[in-house]
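Q: Got chain A; can you put chain B on it based on the hints?
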Amino acid sequence: MLFELRDVSLLRGGRRVLDSVSAAIPAGATAIVGPSGAGKSTLLRLLNRLADPDSGTVSYRDRPLDQYDPLALRRQVSLVPQLPALLEGTVGSNLAYAARLAHKEPDAERCLGLAGLDPELAARDVAKLSVGEQQRAMLARALAQEPAVLLLDEPTSALDPAARDAIEATLAELRRELEISIVLVSHDPEQARRLGEWVVRLEHGRVSKSGPLEEVLA
Amino acid sequence: MSTSIHVSAGQVAASLALVALAAAISFWRRADLERDIGVATIRSFVQLTAIGYAIELIFEADTIWLVLALLAVMVVFGALTARSRAKKVPDAFWPLLIALTVAAATTLGLVVALGVFEATARYLVPVGGMVIGNAMTASAVALNRLGDEMADSRGRIEATLALGATAQEASSPFVRRALRSGMITLVDSTKTTGLIFFPGTMVGMLLAGADPTDAVRLQLILLYALLGSVAIAGLVATALAYRNFFTPAQQLREPDA
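These protein sequence lines are chains A and B, in that order.
The opening residue of the first sequence carries number 1 in this note's numbering; numbering runs sequentially from there.
The opening residue of the second sequence carries number 1001 in this note's numbering; numbering runs sequentially from there.
The set of hints was computed from the structure by calculation and includes no laboratory data.
Mixed in with the good hints, there may be bad ones.
Stated by the list, open to error - Pairwise CB distance ranges, derived in the manner of DEER restraints:
(1) A:Ser157 <-> B:Gly1228: 44 to 54 Å
(2) B:Tyr1224 <-> A:Gly37: 54 to 64 Å
(3) A:Asp7 <-> B:Glu1254: 14 to 24 Å
(4) B:Arg1029 <-> A:Ala127: 37 to 47 Å
(5) B:Arg1029 <-> A:Ser157: 44 to 54 Å
Stated by the list, open to error - Below, simulated SDA-like cross-link-like pairs (lysine to any residue); rule was C-alpha separation at most 25 Å, straight line:
(6) A:Lys104 <-> B:Thr1166
(7) A:Lys104 <-> A:Arg176
(8) A:Lys104 <-> B:Ser1172
(9) A:Lys104 <-> A:Leu2
(10) A:Lys128 <-> A:Glu168
(11) B:Lys1088 <-> A:Asp52
(12) B:Lys1087 <-> A:Gly13
(13) B:Lys1087 <-> A:Arg12
(14) A:Lys104 <-> B:Asp1152
(15) A:Lys104 <-> B:Arg1156
(16) A:Lys128 <-> B:Ala1020
(17) B:Lys1088 <-> A:Arg6
(18) B:Lys1088 <-> A:Leu11
(19) A:Lys128 <-> B:Arg1177
(20) B:Lys1088 <-> A:Leu87
(21) A:Lys128 <-> B:Arg1176
(22) A:Lys104 <-> B:Gln1250
(23) A:Lys104 <-> B:Glu1149
(24) B:Lys1088 <-> B:Ala1231
(25) B:Lys1087 <-> A:Gly14
(26) B:Lys1087 <-> B:Pro1255
(27) A:Lys128 <-> B:Glu1158
(28) A:Lys128 <-> B:Gly1155
(29) A:Lys128 <-> B:Pro1173
(30) A:Lys104 <-> B:Gln1168
(31) A:Lys128 <-> B:Ser1172
(32) A:Lys104 <-> B:Gln1251
(33) B:Lys1088 <-> A:Arg12
(34) B:Lys1088 <-> A:Gly14
(35) A:Lys128 <-> B:Ser1153
(36) B:Lys1088 <-> A:Glu190
(37) A:Lys128 <-> B:Arg1154
(38) A:Lys104 <-> B:Lys1087
(39) A:Lys128 <-> B:Glu1149
(40) A:Lys128 <-> B:Arg1156
Here the structure is a predicted model, which means the values were calculated and not measured.
For glycine and all other residues, C-beta sits at the position ideal for the given N, C-alpha and C.
Just chain A, with the same shape it has in the complex:
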């Protein structure tokens, strides 16, 4: 298994955001679905230790996450947050920053191409990008680290249907070209149907169903 959660609970401000969650996430493309406030984004943040559960264990490739160096783990398991949050500077400097952290050679042209962006955008100031371009630049920045797993939190929530379709096509292509695993949070079951092979459904912080796409979203 790529990830395994065993009896994971997490409280925030007295509220139980995740409640005894046990789920397996295999390599490939997994969609975490459920209504707003179900705990989807919180679960995603546990997978690269941006947060730790109050109880229970999360494992990555059969080793508990707390046995990994959190910084090294995050360079392998890269999270792209829901809202674009690039560093000040150019798109290229953002990509170079991410590549340097992962001790990789920055290849802005390739990463921008993979994320469906014009390579000339490397020189553009991030403040001058549209929201859709920022979202793709975030994806390109994560790809600059050559991660094994991409964690995507509602990657198309801020986009119109045309931009959403384009990002989805990009993600499907990434899966084919790079054999990268993707864990995607989405409130939209249709998106899960289009991109996921495996689905974990959360409701009120609990797993209501999980398994292959055709079983969960039948």
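A: Quick look at chain B alone, frame taken from chain A:
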């Protein structure tokens, strides 16, 4: 530089006319500050009178230990006051206490070691008070800004942590801006000193009948010492305080945690 003038209680009482004027303006324009002006006047009278007696005792005793004790009290009160202005920084007291201690020790240590001042109560108490006061203001402004920046930029900081950046790397732009805002006021006022305003030490010496050249030289020494102390205090306070926003696993702490 050993000049002194006598100021009578009557002269002090006469200056209260200006306080009455301030209160009258506040009342007339409904600024609602009359009560605060009253409290400020009474507190300044009580606090300065008390510190005046304390300084007189310390000058008479002339032992370095009493001087150090007074400076330590100033540092603790300075850290407590600055903490109240840096509410968004978790556990801000310790970074502030260490920042003020290091700033005071380094600045006073240097001016004594360089032979600028003698290590006696007459120099260390007033200079120490100015150094600690300015360091307190600068570190309070810096940490106030740091708290605002960290609160406003949680998304960007976490997105940077998500790439495998350390807490230091993820917060460095905000720490830099916080340090800058702590230092900028004194840097700006030092630029305009003598043109737009006369600093307090120089004014005090001129009033006391000192030679203007002496007054200017002493003021320059103090301004330069204050620049150093403000930079040290801002640096130490921000370099220690940003850590309190993160867990040992390089995670951003929840604001209410």
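Q: Compare the structure with each hint and give your call.
A: Against the structure, the hints come out as follows:
1. A:Ser157 <-> B:Gly1228: 44 to 54 Å: Check passed, 50 Å falls within 44 to 54 Å.
2. B:Tyr1224 <-> A:Gly37: 54 to 64 Å: holds (57 Å)
3. A:Asp7 <-> B:Glu1254: 14 to 24 Å: Hint holds: Cβ distance 22 Å, inside 14 to 24 Å.
4. B:Arg1029 <-> A:Ala127: 37 to 47 Å: holds (43 Å)
5. B:Arg1029 <-> A:Ser157: 44 to 54 Å: holds (51 Å)
6. A:Lys104 <-> B:Thr1166: holds (17 Å)
7. A:Lys104 <-> A:Arg176: Satisfied, since the Cα-Cα distance of roughly 22 Å is no more than 25 Å.
8. A:Lys104 <-> B:Ser1172: Holds - the C-alpha atoms of serine 1172 (chain B) and lysine 104 (chain A) are around 22 Å apart, at most 25 Å.
9. A:Lys104 <-> A:Leu2: With Cα atoms ~23 Å apart, lysine 104 (chain A) and leucine 2 (chain A) stay inside 25 Å; holds.
10. A:Lys128 <-> A:Glu168: Distance of about 23 Å is within 25 Å: holds.
11. B:Lys1088 <-> A:Asp52: Judged against 25 Å, a Cα distance of about 23 Å means the pair holds.
12. B:Lys1087 <-> A:Gly13: Since the Cα atoms of lysine 1087 (chain B) and glycine 13 (chain A) sit roughly 19 Å apart, the hinted pair holds (cutoff 25 Å).
13. B:Lys1087 <-> A:Arg12: With Cα atoms ~21 Å apart, lysine 1087 (chain B) and arginine 12 (chain A) stay inside 25 Å; holds.
14. A:Lys104 <-> B:Asp1152: violated (31 Å)
15. A:Lys104 <-> B:Arg1156: holds (22 Å)
16. A:Lys128 <-> B:Ala1020: violated (56 Å)
17. B:Lys1088 <-> A:Arg6: violated (35 Å)
18. B:Lys1088 <-> A:Leu11: holds (22 Å)
19. A:Lys128 <-> B:Arg1177: holds (22 Å)
20. B:Lys1088 <-> A:Leu87: holds (23 Å)
21. A:Lys128 <-> B:Arg1176: holds (24 Å)
22. A:Lys104 <-> B:Gln1250: holds (21 Å)
23. A:Lys104 <-> B:Glu1149: violated (30 Å)
24. B:Lys1088 <-> B:Ala1231: holds (22 Å)
25. B:Lys1087 <-> A:Gly14: The hint holds at about 22 Å.
26. B:Lys1087 <-> B:Pro1255: Roughly 11 Å between the alpha carbons, so the hint for lysine 1087 (chain B) and proline 1255 (chain B) holds.
27. A:Lys128 <-> B:Glu1158: Holds: lysine 128 (chain A) and glutamate 1158 (chain B) sit about 22 Å apart, inside 25 Å.
28. A:Lys128 <-> B:Gly1155: holds (19 Å)
29. A:Lys128 <-> B:Pro1173: holds (20 Å)
30. A:Lys104 <-> B:Gln1168: This hinted pair holds, its Cα atoms lying about 21 Å apart.
31. A:Lys128 <-> B:Ser1172: holds (23 Å)
32. A:Lys104 <-> B:Gln1251: holds (23 Å)
33. B:Lys1088 <-> A:Arg12: Satisfied, since the Cα-Cα distance of roughly 19 Å is no more than 25 Å.
34. B:Lys1088 <-> A:Gly14: At roughly 21 Å apart (the allowed maximum being 25 Å), glycine 14 (chain A) and lysine 1088 (chain B) satisfy the hint.
35. A:Lys128 <-> B:Ser1153: Given that 25 Å is the threshold and the Cα spacing comes to 19 Å, the pair holds.
36. B:Lys1088 <-> A:Glu190: Violated. Lysine 1088 (chain B) to glutamate 190 (chain A) sits at ~42 Å, over the 25 Å cutoff.
37. A:Lys128 <-> B:Arg1154: holds (21 Å)
38. A:Lys104 <-> B:Lys1087: Since the Cα atoms of lysine 104 (chain A) and lysine 1087 (chain B) sit roughly 40 Å apart, the hinted pair is violated (cutoff 25 Å).
39. A:Lys128 <-> B:Glu1149: Distance of about 22 Å is within 25 Å: holds.
40. A:Lys128 <-> B:Arg1156: Roughly 17 Å between the alpha carbons, so the hint for lysine 128 (chain A) and arginine 1156 (chain B) holds.
Going down the numbered hints, you'll see the structure goes against 14, 16, 17, 23, 36 and 38, while the others check out.
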